[in-house]
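Novice: Build out the structure end to end from the sequences listed, making use of the hints.
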Amino acid sequence: MKNVKNVNYWQIDNKVKNILEMKGVEVLPGELAWEKYRWVREYFVKKPKQGYFIWIKEQIDFPLLTCINILSKDIQQELNNLIVVEKNLDIRLKGTCNSLKRNLCGKHNACGKIILKENSSLKYEHIHSWNQKDVIDINYEFLLGKNSKLDYTYKIFSTPEELKIKTKVFCSENSAANLKVLGDSRNSKIKIEDRLILNGEKSSGILKLRLVGRKNSKISTDSQILAEAESKGHLDCQGLLIDKNSELSLTPELICKNKQAQVTHEASIGKISGEELYYLMSRGLNEQEAIDLIVNGFLEIK
Amino acid sequence: MLLEIENLEVEGEGKKILKGIDIEIRSGEVQALLGPNASGKSTLAQVISGNPKYEIIKGKIFFDREEITELQAEKRVKLGIALTWQNPPAIKGVKLSQLLEKISKVETEKFDIGKDLLKKEINLNFSGGERKMSELIQTISLNPKLVIFDEIDSGLDIKRLEKVAKIIKKEFIQKGVSILLITHSGEILNFLKPSLINVMVNGKIICKEKDFKKVLGVIKKYGYEKCKKCKLLAD
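Going down the list, the protein sequences come from chains A and B. If you count the first sequence from 1, position 189 lands on 188 in numbering that gives the first Met the number 0, and the numbers rise without skipping. If you count the second sequence from 1, position 42 lands on 41 in numbering that gives the first Met the number 0, and the numbers rise without skipping.
Among the hints, erroneous ones may be present.
[What the hints assert, rightly or not] Once the Cα atoms are required to be at most 27 angstroms apart in a straight line, the calculated DSS-like pairs of lysine-lysine come out as:
1) A:LYS179 to B:LYS219
2) A:LYS48 to A:LYS163
3) A:LYS93 to B:LYS118
4) B:LYS101 to A:LYS122
5) B:LYS119 to A:LYS270
6) A:LYS154 to B:LYS220
7) B:LYS91 to A:LYS207
8) A:LYS154 to B:LYS162
9) A:LYS179 to B:LYS94
10) B:LYS94 to A:LYS301
11) A:LYS207 to B:LYS118
12) A:LYS214 to B:LYS101
[What the hints assert, rightly or not] Ranges of calculated distance between the beta carbons of each label pair, as one might list FRET restraints:
13) A:VAL44 to B:LYS104: 58 to 68 angstroms
14) A:ALA266 to B:GLU23: 51 to 61 angstroms
15) B:MET0 to A:ILE300: 28 to 38 angstroms
16) B:GLY19 to A:LYS270: 27 to 37 angstroms
17) B:GLU106 to A:ILE300: 25 to 35 angstroms
18) A:GLU265 to B:LYS59: 41 to 51 angstroms
19) A:PRO62 to B:LYS59: 57 to 67 angstroms
20) B:GLN173 to A:ASN102: 53 to 63 angstroms
21) A:ASN257 to B:LYS14: 49 to 59 angstroms
22) B:SER126 to A:LYS270: 55 to 65 angstroms
23) B:SER126 to A:GLU124: 32 to 42 angstroms
24) A:PRO62 to B:PRO51: 43 to 53 angstroms
25) B:LYS165 to A:GLN261: 47 to 57 angstroms
[Claimed, not checked] Computed far set for chain A versus chain B, every beta-carbon distance over 12 angstroms:
26) PHE169
27) LEU253
28) ILE268
No lab work stands behind these hints: they were computed from the structure. From the three backbone atoms N, C-alpha and C, an ideal C-beta is built for every residue, glycine too.
Specialist: Given below as structure tokens:
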């Protein structure tokens, strides 16, 4: 995060570094929110020890920012986050979580709930950047109210030793979710579990995964769309395997419990085409530069 | 001599494609290479540019007096060899401007051609004309000493062909860049007037002729079959 002064919630290791409140947005450590508002307790399993509570009550025309860093060795973070977007708001949020040095052996465990109330819209960019000895486990749930819209992108281009990501999205009536999970993995073991639950009439969702496995990576995904109501869903999983010591396993699953629902999927794992690689090398790029450019293009999805 | 190819024999996928090619191109010279489909023209272009898919089993390639037979493709580009592809692959998600940022040796802002292409993903859903223009922009950006144009004229109507020829004249020929024009139909030669024409049939250069109109006339009238029966056949 380049300009930390504008960060609404900033945590380094296990301490809150800064909180920036603004008109229409209440930001609290989760622990204080638990004490202050009884209603928030239904969204936490237990009283949180770390993490943020962000309650967006009025329209904000610039992105809200959160930043969670690991700076010291052998830190274990246990975050419990809650974001609530009130009715009729159109909000942008950018969340960054990273370790700031190599070999810190950090652990970042985060779970959270994101509540979008009726007619609200959230564009959320979630960026992770870790180092090789870190271990990461995140578990997020999105609850989409009637007519709400979620555009969520999770990006990780610097991967830890182990990464587990669980994402669950519940779509109520006429809500729409657009989820993207983009990862470029090196020397990493990654497990991704996504669930898109279309339980509201006329709800819709698209779940896209783009994963690149290189340098002894093992990636497995388990992505599911469950259509319980008349709804539309599409699952699009694509992988790119770069080296012979990596492994990529994509498991898309569709479950339909409503005869009016329409759910589709596509999945593929490919390799870098020799022709594309040589084309770029015939422009003067060396092999690694050409691979990086092709990978960047693969991860660039609309 | 800028490019010298000596007795080049090349295999691809276990099959002999080039069977003893000799070509010499001087600095600033425009030469053409004509031949029927599958005669080995594009293979020669790819081999000169350094495509490792092909195996050189005999012969040598020199560029600017340096032997480059085993040199990697990207190093050949740095020496000044550029190739425009006949069927360039699409690079999904990568805009032409992004590639130019990485490869360009000249100020691409000054380009007055194909500006509308810069924001598009490379060769993705390009029309035939757009593909040619994209190849030209990339090649100009490399500021080369030698350009091999592989069928730059294919699929273009006469108006577009004239436009492409004008760009080649302005950006390369007038700047003293050497050219090897690979063409099947030969129409573009009327605009660019090569000083030597090479005719390739079945992996061999069977004719070298200064008068391109004469060769074009024969090919137009009789096709490449006549060339195969030519008395001057260098076999």
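Novice: Hint by hint, say whether it matches the structure.
Specialist: Status of each hint after checking the structure:
no.	hint	result
1	A:LYS179 to B:LYS219	violated, 56 angstroms
2	A:LYS48 to A:LYS163	holds, 21 angstroms
3	A:LYS93 to B:LYS118	holds, 26 angstroms
4	B:LYS101 to A:LYS122	violated, 31 angstroms
5	B:LYS119 to A:LYS270	holds, 23 angstroms
6	A:LYS154 to B:LYS220	violated, 61 angstroms
7	B:LYS91 to A:LYS207	holds, 16 angstroms
8	A:LYS154 to B:LYS162	violated, 44 angstroms
9	A:LYS179 to B:LYS94	holds, 21 angstroms
10	B:LYS94 to A:LYS301	holds, 13 angstroms
11	A:LYS207 to B:LYS118	holds, 23 angstroms
12	A:LYS214 to B:LYS101	holds, 24 angstroms
13	A:VAL44 to B:LYS104: 58 to 68 angstroms	holds, 59 angstroms
14	A:ALA266 to B:GLU23: 51 to 61 angstroms	holds, 53 angstroms
15	B:MET0 to A:ILE300: 28 to 38 angstroms	violated, 49 angstroms
16	B:GLY19 to A:LYS270: 27 to 37 angstroms	holds, 35 angstroms
17	B:GLU106 to A:ILE300: 25 to 35 angstroms	holds, 31 angstroms
18	A:GLU265 to B:LYS59: 41 to 51 angstroms	holds, 49 angstroms
19	A:PRO62 to B:LYS59: 57 to 67 angstroms	holds, 60 angstroms
20	B:GLN173 to A:ASN102: 53 to 63 angstroms	holds, 58 angstroms
21	A:ASN257 to B:LYS14: 49 to 59 angstroms	holds, 57 angstroms
22	B:SER126 to A:LYS270: 55 to 65 angstroms	violated, 28 angstroms
23	B:SER126 to A:GLU124: 32 to 42 angstroms	holds, 35 angstroms
24	A:PRO62 to B:PRO51: 43 to 53 angstroms	holds, 46 angstroms
25	B:LYS165 to A:GLN261: 47 to 57 angstroms	holds, 52 angstroms
26	PHE169	holds, 31 angstroms
27	LEU253	holds, 25 angstroms
28	ILE268	holds, 15 angstroms
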